[in-house]
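Q: Please model the entire structure based on the sequences and the hints provided.
Numbering (UniProt numbering), first residue to last: 1 to 627.
Everything labelled a hint here was simulated from the structure, so no lab data went into it.
As the structure is a prediction and not an experimental result, all values here were calculated from the model.
Note that CB positions come from ideal geometry on N, CA and C, so glycine has one too.
Any given hint might turn out to be false.
Said to hold, decoys possible - DSSO-like mimics (lysine-lysine), calculated; alpha carbons at most 30 angstroms apart, straight line: (1) K362 to K481; (2) K498 to K482; (3) K403 to K289; (4) K482 to K403; (5) K498 to K403.
Unchecked claim - Now the in silico label distances, taken between C-beta atoms and shown as ranges: (6) P351 to T626: 20 to 28 angstroms; (7) A238 to G352: 28 to 36 angstroms; (8) K449 to K482: 26 to 34 angstroms; (9) N340 to N610: 36 to 44 angstroms; (10) L296 to N236: 16 to 24 angstroms; (11) N236 to E394: 23 to 31 angstroms.
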Amino acid sequence: MNPTMSEETTQQTKDTTTTSNPNQSTTNSPQNDPQIRPRLPSRPSITSTPLSPLTLGTARSLRMAAPTTKTSFENAGKQPTRYSGFLDNNSMYSSMGLNGQSNHDNSDMFTIRTTPTLTIYPAGEDGNYNDAESTFTDRLEQMISRTNSDHNQKQAEDLFDDLHNPVIKDAKVFLILSDAGKLIYAKSSTDDEDQEDEDRYIGYVGLIQTVINSFQLDGSNFKSLIAGSTRLVVMNEAPIILVAVSKLNESEQDLTNQLDLLHSFLLSTLSKPQIIRSFQNKHGFDLRKHLGRADLSGLDALSNSLINFDIGVLVGALQSIRLRKTIRSKLNQVLLNNKNKDILYGLLVAPGGKLISIMRPKRHTLHTTDLQVLFSLVFNQFKDKKNNFDEDEELWMPVCLSKFNANGFLYSFVKFVGNFALVLIAANKNSFFEMRETAQNILKDMITKDLLAPLQEAIRRPITTLEIQVPLVYHFVFKSKKNLQYIVPNLPNEGNVKNLQKYYVKLQSSIDRTSKISITYLKWDSPIKSSSFPPSNSMTPSSSRPPTRSQSTISLSATLNNMNNSDIQDPNSISGLAWSTPNYELLVISSSSGGVKKEDLVTSARAIVNWCRKYEERLFVHNGATF
Numbered sequence: 001m002n003p004t005m006s007e008e009t010t011q012q013t014k015d016t017t018t019t020s021n022p023n024q025s026t027t028n029s030p031q032n033d034p035q036i037r038p039r040l041p042s043r044p045s046i047t048s049t050p051l052s053p054l055t056l057g058t059a060r061s062l063r064m065a066a067p068t069t070k071t072s073f074e075n076a077g078k079q080p081t082r083y084s085g086f087l088d089n090n091s092m093y094s095s096m097g098l099n100g101q102s103n104h105d106n107s108d109m110f111t112i113r114t115t116p117t118l119t120i121y122p123a124g125e126d127g128n129y130n131d132a133e134s135t136f137t138d139r140l141e142q143m144i145s146r147t148n149s150d151h152n153q154k155q156a157e158d159l160f161d162d163l164h165n166p167v168i169k170d171a172k173v174f175l176i177l178s179d180a181g182k183l184i185y186a187k188s189s190t191d192d193e194d195q196e197d198e199d200r201y202i203g204y205v206g207l208i209q210t211v212i213n214s215f216q217l218d219g220s221n222f223k224s225l226i227a228g229s230t231r232l233v234v235m236n237e238a239p240i241i242l243v244a245v246s247k248l249n250e251s252e253q254d255l256t257n258q259l260d261l262l263h264s265f266l267l268s269t270l271s272k273p274q275i276i277r278s279f280q281n282k283h284g285f286d287l288r289k290h291l292g293r294a295d296l297s298g299l300d301a302l303s304n305s306l307i308n309f310d311i312g313v314l315v316g317a318l319q320s321i322r323l324r325k326t327i328r329s330k331l332n333q334v335l336l337n338n339k340n341k342d343i344l345y346g347l348l349v350a351p352g353g354k355l356i357s358i359m360r361p362k363r364h365t366l367h368t369t370d371l372q373v374l375f376s377l378v379f380n381q382f383k384d385k386k387n388n389f390d391e392d393e394e395l396w397m398p399v400c401l402s403k404f405n406a407n408g409f410l411y412s413f414v415k416f417v418g419n420f421a422l423v424l425i426a427a428n429k430n431s432f433f434e435m436r437e438t439a440q441n442i443l444k445d446m447i448t449k450d451l452l453a454p455l456q457e458a459i460r461r462p463i464t465t466l467e468i469q470v471p472l473v474y475h476f477v478f479k480s481k482k483n484l485q486y487i488v489p490n491l492p493n494e495g496n497v498k499n500l501q502k503y504y505v506k507l508q509s510s511i512d513r514t515s516k517i518s519i520t521y522l523k524w525d526s527p528i529k530s531s532s533f534p535p536s537n538s539m540t541p542s543s544s545r546p547p548t549r550s551q552s553t554i555s556l557s558a559t560l561n562n563m564n565n566s567d568i569q570d571p572n573s574i575s576g577l578a579w580s581t582p583n584y585e586l587l588v589i590s591s592s593s594g595g596v597k598k599e600d601l602v603t604s605a606r607a608i609v610n611w612c613r614k615y616e617e618r619l620f621v622h623n624g625a626t627f
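A: And the structure:
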């Protein structure tokens, strides 16, 4: 048989089969015959090695691993050492192999760029790091020396200098950023006209964000860090992160309270749901788009007050105005007589956020933080008036009081009369004209009953230590815990109050919060520098021993030496007393020549307490006008 003819016949047979009726079923079709079905390529098997969990050592034995900022192929396909890097390169390349085949030494490698990562290991696991006394800044310096990126190295060096340099550059810094690492706001204690705070502290943001994320991987939160004389505190209010850096020896709780106030101020303009929605739509959203000029000005004013020492934030209370009981009762009655159905709260406020009177429901009162935010908003609107307001000036503004309700807005009508303000708060945004009419009626009644003159006199006549007859006392703060209000005597120069910050911060932190009664006596042999305190471990054991109920324990701190005489000229003249009970809290500072014995200072403190108890109804707003 001719082979050529056989091949042609076979080809014709195939062609005939191919051109057969398409509607006719064919049993030996490749689609129906599993034995000759086309074989698909196998799906790649991807293997991944989970990252080891973040482990922490003791507070004094932490070291930092260097961030990975550039690609390296020298260890590809090799067994990594224990601490060769943050990522297992062999496992990573294996997980990216094709068709289930892992890469080998001679395989083509992928280009991988990792995000700078900060990991904290316990000291002692690696033989190269056995120094248990290494500090955060020491490890930060090692990290800087191993950083490959010039840009990141420059930022890290700037941050290291700010944290580690003993010469204080900025005593205090506030930062607000998003959880995506975008800086929203920055404010420092040092004014630099050539550079904005946001530009100066952009280097902090990357490192802080990396630290926070490292802790979150382990299911924990990063809250505080101490590097030398610097304390860094973080408040994570996702999607907002607030940071405070202080070299004033402030406690973690003090800085947390200040950050909470800044966060509440931010919510007063942008409610919590609005902020959350903004970041849900875009994780890297720039919140500064929602902040107007007035909002940033208000943040600046509040941050400056915290940097320059706000006693009210330190003790968590509002300052009140001394007023005769009969005058205060008449004011309360005027407020009640003119209340309408839309009013939720009514307040009379003196400059500086000093409370005169309040109208409120019987079973509810506003949180101290909400009132501090509200007063800051009100007086910041007319901060250039220098306490001289036009009686025709009125203000209608929405405000979110986060402690009252973080999900919605209330509406405040503000009318200025002389040097104090009348604030009426309503829930109805369309009640402006009703609020205005109510405010006008209140002012008419105050004029008719001759209440304006006593108010003006009370504002102009502050408390002094001379009328209490405590010559050994230079300054004091008395807080009524029941009313959450405090009083302070007047100083000839208001700037002197900031010079007292370091002493009051130390006294406040010395109070033992676990005991009902705590009395602590502190003495400084020479005035403390305005920038810092020595570490807290310089206190003697007796100063940290909790007092008992049966005996008032007076704790004497160790003498604080080697300080500059920058605030008060006479050495050996600074003494302080912190006295806390369930009803009140008293902080006293004495500056008498030659120093004051603790027994004499305790006697003066008792005189202050007795005087405040005697005139309690004049000094503090008790229930106010309730309805």
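Q: Taking the hints in turn, state whether each one holds.
A: Here is what the structure says about each hint:
1. K362 to K481: holds, 19 angstroms
2. K498 to K482: holds, 27 angstroms
3. K403 to K289: Since the Cα atoms of K403 and K289 sit roughly 25 angstroms apart, the hinted pair holds (cutoff 30 angstroms).
4. K482 to K403: holds, 19 angstroms
5. K498 to K403: Status holds; Cα separation ~29 angstroms.
6. P351 to T626: 20 to 28 angstroms: holds, 26 angstroms
7. A238 to G352: 28 to 36 angstroms: Holds, since A238 and G352 (Cβ atoms, about 34 angstroms apart) stay within the stated range.
8. K449 to K482: 26 to 34 angstroms: holds, 29 angstroms
9. N340 to N610: 36 to 44 angstroms: holds, 43 angstroms
10. L296 to N236: 16 to 24 angstroms: holds, 23 angstroms
11. N236 to E394: 23 to 31 angstroms: violated, 39 angstroms
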